[in-house]
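*Asks:* Residue numbers (my numbering), protein chains in the order written: chain A, 1 to 146; chain B, 147 to 284.
Calculated directly from the structure, the hints in this document are not laboratory data. It cannot be assumed that every hint is accurate.
[Unchecked claim] Below, computed lysine-lysine pairings styled on BS3-like, alpha-carbon distance capped at 27 Å:
(1) K233(B) - K8(A)
(2) K63(A) - K237(B)
(3) K171(B) - K237(B)
(4) K171(B) - K66(A)
(5) K69(A) - K233(B)
(6) K171(B) - K69(A)
(7) K233(B) - K66(A)
(8) K63(A) - K233(B)
(9) K63(A) - K171(B)
(10) K233(B) - K171(B)
(11) K8(A) - K237(B)
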Amino acid sequence: MPKLATLKARWFWYSLLCVLSWGAWAMLSKLGSNEIPADTMQFIFTFGTVPVAVALLFARRFKMEKSGKGIFYAVSNGVLSGIGGLAFFAAFRAGGNTAVITAASSLYPMITVALAVTILRERLTWLQVVGLGFAAVAIVIFSIST
Amino acid sequence: MHLPPWFCYAAVVLVAWGVVGLLQKLSTNYISAESSLIWLVVGFFVLQPFLYPGRVLFGYSSRSLGWALLSGVFNALGAWALFAAMKSGGKASIVAPLTALYPLVVVLVAPVILHESINLLQGAGVVCALIAVVLLST
Numbered sequence: 001m002p003k004l005a006t007l008k009a010r011w012f013w014y015s016l017l018c019v020l021s022w023g024a025w026a027m028l029s030k031l032g033s034n035e036i037p038a039d040t041m042q043f044i045f046t047f048g049t050v051p052v053a054v055a056l057l058f059a060r061r062f063k064m065e066k067s068g069k070g071i072f073y074a075v076s077n078g079v080l081s082g083i084g085g086l087a088f089f090a091a092f093r094a095g096g097n098t099a100v101i102t103a104a105s106s107l108y109p110m111i112t113v114a115l116a117v118t119i120l121r122e123r124l125t126w127l128q129v130v131g132l133g134f135a136a137v138a139i140v141i142f143s144i145s146t
Numbered sequence: 147m148h149l150p151p152w153f154c155y156a157a158v159v160l161v162a163w164g165v166v167g168l169l170q171k172l173s174t175n176y177i178s179a180e181s182s183l184i185w186l187v188v189g190f191f192v193l194q195p196f197l198y199p200g201r202v203l204f205g206y207s208s209r210s211l212g213w214a215l216l217s218g219v220f221n222a223l224g225a226w227a228l229f230a231a232m233k234s235g236g237k238a239s240i241v242a243p244l245t246a247l248y249p250l251v252v253v254l255v256a257p258v259i260l261h262e263s264i265n266l267l268q269g270a271g272v273v274c275a276l277i278a279v280v281l282l283s284t
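Given the sequences, and given the hints that come with them, work out the whole structure.
*Replies:* Structure below.
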């Protein structure tokens with residue numbers, strides 16, 4: 001049972017909105033991919049993200065930090081994120097169970113954690129080590145269960 | 147071993163978004179999360195010329211086109227809500243694992259909307275995956 005204070009906290013409701021939004025994103029991705037190929041899905045998807053970006057721009061009164069490095073990383077992020085999105089849509093279009101595909105592709109933090117250890121020299125917590133173990137088990141199960 | 151086609155695509159997703167997670171850490175060392183999201187959308191547009199489908203675009207049903215557009219809206223809305231949660235006092239160590247649970251929504255909704263069901267083995271895989279992402283995002 002979550003504490004009553006948690007239910008009153010704004011961050012909790014924002015988190016819930018995030019979970020529901022991303023759930024909707026995955027469901028809609030599957031629904032659209034039944035008819036539309038992955039590259040076109042990503043093409044249209046991109047226009048859908050514009051209203052939120054514009055709203056953020058307005059909220060910030062068009063003030064953006066002028067950090068070349070920050071901008072470079074973030075734009076690269078968009079390109080890579082788009083390539084990942086293409087594969088995400090392609091996975092749905094290839095058929096297979098929607099919940100399984102969504103769960104399998106949500107495992108990307110395992111790569112982030114592995115890279116953070118090797119590139120950023122971050123140290124793993126023991127919880128993350130256990131998490132990697134569960135991720136490995138999940139992947140093996142997914143690879144044999146269809 | 148014969149892997150299902152979706153599995154190979156999902157592997158590409160893991161690698162691409164896994165690197166994104168790392169770049170996200172790097173970009174927010176220099177700019178705010180919101181600015182990072184705005185520039186990320188700019189990055190999406192870098193790909194657009196390569197993805198432009200031509201006139202065939204208008205041949206798809208408006209329903210499917212609507213799903214695709216809304217998928218973009220909700221993806222960005224989710225990212226915004228995540229930042230808002232962190233900014234309004236949510237601890238990253240709680241918000242990140244909590245929001246990683248979004249596949250649960252699909253598990254609950256897919257049987258109703260898509261009339262799909264998962265077998266016991268797949269269900270075990272989904273549970274392992276959910277435990278994994280929650281632990282990994284701590």
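*Asks:* Run every hint past the structure and note whether it holds.
*Replies:* Quick rundown of the hints versus the structure:
1. About 16 Å separates the Cα atoms of K233(B) and K8(A), which keeps this hinted pair within 27 Å; it holds.
2. A hinted pair counts as satisfied when its Cα atoms are at most 27 Å apart, and K63(A) with K237(B) qualifies at roughly 26 Å.
3. Distance hint between K171(B) and K237(B) is fulfilled; the C-alpha atoms sit about 16 Å from each other, no more than 27 Å.
4. Taking the CA atoms of K171(B) and K66(A), the gap is about 17 Å. The hint holds against a cut of 27 Å.
5. A distance of roughly 23 Å separates the Cα atoms of K69(A) and K233(B); the hinted pair therefore holds under the 27 Å criterion.
6. At roughly 12 Å between alpha-carbon atoms, K171(B) and K69(A) fall within 27 Å of each other, so this suggested pair holds.
7. Distance restraint check for K233(B) and K66(A): the Cα-Cα separation of roughly 21 Å lies within the 27 Å cut-off, and the hinted pair is therefore satisfied.
8. For a cut-off of 27 Å, the pair hint linking K63(A) to K233(B) stands: about 18 Å separates their Cα positions.
9. Between K63(A) and K171(B) the CA atoms are separated by roughly 21 Å; this keeps the pair inside 27 Å, and the hint holds.
10. In summary, the hint linking K233(B) to K171(B) is supported, as the alpha carbons are separated by about 16 Å, within the 27 Å threshold.
11. Between K8(A) and K237(B), the direct Cα distance comes to roughly 15 Å. Compliance with the 27 Å bound is thereby established for this hinted pair.
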